[in-house]
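> Given the structure of chain A, go ahead and fit chain B onto it with the hints provided.
One-letter residues, chain by chain:
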Amino acid sequence: MQHLYEVLIAPFVDFAFMRRALAGCLALSLGSGPIGLFLVMRRMSLMGDAMSHAVLPGAAVGFMLAGLSLPAMSLGGFVAGVLVAVLAGLATRFAGIKEDASFAAFYLLSLAIGVLLVSKSGSNVDLMHILFGSVLAVDDAALYLVGGVASVTLITLAFIYRPMLLESLDPVFLRSVGARGGLWHMAFLMLVVLNLVSGFQALGTLMAVGLMMLPAITARLWSETVEGMLVMAVSVAFGSGLAGLLLSYHFELPSGPAIILVAGLFYLFSLLFAPAGGALPRYIRARHFES
Amino acid sequence: MKVILDNITVSYQRHPAVHHVSGSFVTADATAIFGPNGAGKSTLLKAMIGALKPDSGQARLDGFARQDIAYLPQQSEIDRSLPVSVLDLVATGLWHKTGPFGRVGRAGLGQAMDALEQVGLADFATRSISALSSGQFQRVLFARILLQDARLILLDEPFTAMDAKTTFDLLELVRRWKEEGRTIIAVLHDYEQVRAYFPHTLLLAREVVAWGRTEQVLTDANLKRAVDTAAHWQDRAAVCQVDGVNA
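If you read the protein sequences in the order shown, they are chains A and B. Taking our numbering, the leading residue of the first sequence gets 1, the next gets one more, and so forth. Taking our numbering, the leading residue of the second sequence gets 1001, the next gets one more, and so forth.
Honestly, I wouldn't trust all of these hints.
Derived contacts from chain B toward chain A, CB cut-off under 8 Å, selection only [to be verified]:
| no. | residue |
| --- | --- |
| 1 | Ile1049 |
| 2 | Ala1051 |
| 3 | Leu1052 |
| 4 | Asp1062 |
| 5 | Tyr1071 |
| 6 | Pro1073 |
| 7 | Ser1076 |
| 8 | Asp1079 |
| 9 | Leu1082 |
| 10 | Trp1095 |
| 11 | His1096 |
| 12 | Lys1097 |
| 13 | Phe1101 |
List time: in silico DMTMM-like cross-link candidates among lysine to aspartate or glutamate, alpha-carbon distance up to 20 Å [stated by the list, open to error]:
| no. | chain 1 | residue 1 | chain 2 | residue 2 |
| --- | --- | --- | --- | --- |
| 14 | A | Lys98 | B | Glu1207 |
| 15 | A | Lys98 | A | Asp139 |
| 16 | B | Lys1224 | B | Glu1207 |
| 17 | A | Lys98 | B | Asp1079 |
If you're looking for bench data, these hints aren't it; they were derived computationally from the structure. Quick reminder that beta carbons are idealized off the backbone N, C-alpha and C, glycines included.
Only chain A is shown next, with the shape it has when bound in the complex (with noise of 0.2 Å):
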């Protein structure tokens, strides 16, 4: 019992850096979870990996402008991921150009923006620092910031949540029965960009993508309804955060990666065992009812 107090409990007992960092797993995970499940729910999984490039620019004039300071960073950030999705959708609107696409262009442009200004400006590790974060180096600013952003997001999706839904079942209908789903779908995309801005500090641009998707797809696996996989996303997030810290804090790792690894796992032992969709149990079918 005292071993397991030891490994488990009293990290975050002892450092107040450690309690931070897991308030900030949380706030992250509650908001991230299901904005990854929208994101896979619409085919977009990969369209999260294209924001983090996006907000890049941003973060880097942010940091140009006002050096590692949170606040410049993370409107930085905003203001190019917002505005690389604003771009991609008016391409997809008034151009022949698939979603998809679109996307893929602008944040490539995006992104090439992005290194050339970190290139011109700072150091290596500056740089490492926009990519990877540091969860254990969260301070109050940030985990306000990471709070703040999970709140509005819960909030926003709990308004938006029907039309959303609809508009990815069932565009054709949402369109004739005279609703706007280029609306609901333009407040999504502006909470994909507020929940990576918000994981950036914590887990850096490319690892919050992480915490976005790899528990989003795991749910995925586990339940065959949408409640039950909400609550799924936002457990498997908090649990990957949980273990996550807990390794690196024992065995001195880098926390981002450490985080998203976990999840990795999570996923890959879902993706074997999982009810909803495990290779196992689609193999090892039950005894079919009558007929």
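Positioned in the frame of chain A, the structure of chain B alone reads:
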């Protein structure tokens, strides 16, 4: 309340699929749109609900508001891999009452259940939509139309790939809608269905070949004319001058 086509032309890459079509549909009755493949039938329906923008002219749905119209596309773009129950899908037909945020409530779910009962799928309410056959799924979509309670119902080839029983059951719903004074416009390919259930027919081959009482429209001479017109395709057509301008 009237559905009027006013010299409407809809084209793909400048080649018209619907070419200067004018006329009006009989309100509170059923009209079939009949014609060979490529005659512009689906295009016309899409232009009527505003999903396609006409090159010129217009389709006017006088006196019909958005919530008065139900549209069933030829191939529904419904993502059936999503974890949605049959009852929930049917309940989306209440959108005109709930809007994006309103409550469906016990009464709404009761109505949805009732609609499922009427298409013979009450037992399937809690099943996932991915578990349905295409015939069952079409029944579900008809249940949703029941719930929409629309004055104007547009159906694009609703019975393609349906077995005789399903077709019959759904056609009986069409008959009931007609008796309830709703306006039904359906793209169909089956001669017998049109004759039995649709008093009016628009025979289309990009242009109006004939439009009126079904028995007067579906004559051998008209049908042959429709096939000949639709098959005719000019790769290097001259610019159309029908309206005196380049339209």
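> Are the hints correct? Go through all of them and say.
Hint by hint, here is what the structure shows:
no., hint, result
1, Ile1049, "6 Å, holds"
2, Ala1051, "7 Å, holds"
3, Leu1052, "12 Å, violated"
4, Asp1062, "17 Å, violated"
5, Tyr1071, "4 Å, holds"
6, Pro1073, "5 Å, holds"
7, Ser1076, "7 Å, holds"
8, Asp1079, "6 Å, holds"
9, Leu1082, "5 Å, holds"
10, Trp1095, "5 Å, holds"
11, His1096, "6 Å, holds"
12, Lys1097, "11 Å, violated"
13, Phe1101, "7 Å, holds"
14, A:Lys98 <-> B:Glu1207, "32 Å, violated"
15, A:Lys98 <-> A:Asp139, "41 Å, violated"
16, B:Lys1224 <-> B:Glu1207, "14 Å, holds"
17, A:Lys98 <-> B:Asp1079, "18 Å, holds"
The structure does not agree with the numbered hints 3, 4, 12, 14, 15 stated previously, though it agrees with the rest.
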